[in-house]
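Participant: Sequence:
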Amino acid sequence: MATTSSNKPGRNIIFESTFPAQNFEKEANSPFEDGYSISKEESYLAPYIASGADENSPLHERYVELQDRRERLSQMQHERNQRNGADAIVSNEEARSIDDLGGLVDDGVDQMTIHTLEAHRMFMGRSREPGGQSAPIIGGKRVAAALRNLWLLTVNDNPYADWALVRHEHAVNQVLTHLRAEISKAEALRQSQKQRGLSFAVLASSNPIALNLGFRSPYGYSISMLIAEYDYFVRIQKTLQRKNMQSDEEARKALSVVSRGILGIFYGTARFDRWLNQPQIRELSRLDWVSEDKDAAGRVDFAQQTFGPVPSAIYTGEIAPSHSRRRYSLTEAERELLQRVGSKLQEAEDLAASAGADALSHQTAA
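Just so you know, we're using this note's numbering here: the sequence shown kicks off at 10 and counts up by one.
Treat each hint with caution, since some may be false.
In the EDC-like style, the derived pairs of lysine to aspartate or glutamate whose C-alpha atoms are separated by at most 20 Å in a straight line are [what the hints assert, rightly or not]:
| # | residue 1 | residue 2 |
| --- | --- | --- |
| 1 | K353 | E327 |
| 2 | K203 | E178 |
| 3 | K194 | E259 |
| 4 | K252 | E191 |
| 5 | K247 | E196 |
| 6 | K247 | D257 |
| 7 | K49 | D77 |
| 8 | K262 | E127 |
| 9 | K262 | E345 |
| 10 | K194 | D257 |
| 11 | K150 | E127 |
| 12 | K353 | D310 |
| 13 | K303 | D282 |
| 14 | K247 | E258 |
| 15 | K150 | D282 |
| 16 | K35 | D77 |
| 17 | K35 | E80 |
| 18 | K35 | D63 |
| 19 | K194 | E238 |
| 20 | K262 | D282 |
| 21 | K49 | E70 |
FRET-style restraints, in silico, Cβ to Cβ [as the list claims (entries may be wrong)]:
| # | residue 1 | residue 2 | range |
| --- | --- | --- | --- |
| 22 | G140 | I192 | 36 to 42 Å |
| 23 | G140 | S208 | 47 to 53 Å |
| 24 | M133 | E327 | 33 to 39 Å |
| 25 | E356 | G117 | 27 to 33 Å |
| 26 | R336 | Q202 | 52 to 58 Å |
| 27 | R334 | K49 | 33 to 39 Å |
| 28 | V73 | A37 | 23 to 29 Å |
Hints were generated in silico from the structure; no laboratory data involved. Values in this document were obtained by computation on a predicted structure and should not be read as measured data. A virtual CB, placed ideally from N, CA and C, is assigned to each residue, including glycine.
Use the sequences and the hints to build the structure in full.
Facilitator: Printed below as a string of structure tokens:
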């Protein structure tokens, strides 16, 4: 009697001739279990496809397989998108529930409580009086709007907007450092009196005002933090004055120095906002430095004439603002381009610094 076996060599030969094993290119991150690489196969078969994809060619089977893999990948991507990328263990209903998830919103009202007239005026500013001689004073609320405008400009990859934000942050941090140091000194004075049996309370408003904030950029909240710190600084300086721990003149001087410093920051930031949002320069971007377009060259020239050359560290992104809408997924070519332009800017900075040092040495010698 004849016997049959699935392990007979003859059967293997018939199976392999009916379904021949295919060769194909592979890659480590393939979406297919067998490592099939669509991109590598496309490159390998490109000459064959360009010549007309002859069905009698030995490569035709690989071409058919490539088309099948493309369809399978497309289906896999479609199914994943339908499930919002959820893990396979998650049900379809659970996966689709992400579409109903709302965005993050405040669960209450952001507020800032102010005790002093000085802080309230610093936040609100002062408009020009009709027919009056008093100059208007810029306020923190307007500067918060200017900062939001500059923050929005960073989406264009605008280096001058980055520079404006970095300058603002640096200057505000300097003021905050000064405020906190002065507050610490004042607290130490109060503590020294307490050790002698005198406990002095910090002055507070009999009717403090709570202002709703609702800023639409992170920089608006940085302004409120500055104003809150300034408000407490004013309170404690007036406490020292009221309770004979410093003179009227010392209190006025301390308040004046800080007020001028804050207003100087506000006006500098507002200047960047005013000019960078002019129609002829609003679309400024880092690519304008290497573009041959006449409008791009005009934007760069306008910015340099108005603000001076942008620092190389700002242009290359070595120094960046704390908050930005700039696209950071740069290609390698874009990074090389930025570094090349940044190097030229650095050379110009070094040359200017060297010229300044030479001029100073000549003046000293004279």
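Participant: If you draw a straight line from the CA of K150 to the CA of E127, is it 20 Å or shorter?
Facilitator: Holds: K150 and E127 sit about 14 Å apart, inside 20 Å.
Participant: Would you say the C-beta atoms of R336 and Q202 sit inside 52 to 58 Å of each other?
Facilitator: Check passed, 56 Å falls within 52 to 58 Å.
Participant: Given the hinted pair K252 and E191, is their Cα-Cα distance within 20 Å?
Facilitator: holds (17 Å)
Participant: Could you check the hint for me, namely that E356 and G117 are 27 to 33 Å apart, CB to CB?
Facilitator: violated (53 Å)
Participant: For the pair supplied as a hint, K35 and D77, is the alpha-carbon distance within the 20 Å limit?
Facilitator: Judged against 20 Å, a Cα distance of about 16 Å means the pair holds.
Participant: For the pair supplied as a hint, K49 and E70, confirm whether the alpha-carbon distance does not exceed 20 Å.
Facilitator: holds (16 Å)
Participant: Need the status of pair K247, E196: alpha-carbon distance at most 20 Å?
Facilitator: holds (13 Å)
Participant: Check whether the Cα positions of K353 and D310 lie no farther apart than 20 Å.
Facilitator: holds (16 Å)
Participant: Taking only the CA atoms, is the gap from K247 to D257 under or equal to 20 Å?
Facilitator: holds (9 Å)
Participant: When you check the alpha-carbon spacing of K247 and E258, does it fall within 20 Å?
Facilitator: Holds, at roughly 11 Å.
Participant: For the pair G140 and S208, does the Cβ-Cβ distance stay inside 47 to 53 Å?
Facilitator: Once the Cβ atoms are compared, 50 Å apart, the range 47 to 53 Å for S208 and G140 holds.
Participant: Against the 20 Å threshold, does the CA-CA distance of K203 and E178 hold or violate the hint?
Facilitator: Violated - the C-alpha atoms of E178 and K203 are around 37 Å apart, more than 20 Å.
Of the numbered hints stated above, those contradicted by the structure are hints 2, 9, 13, 18, 20, 25, listed in ascending order.
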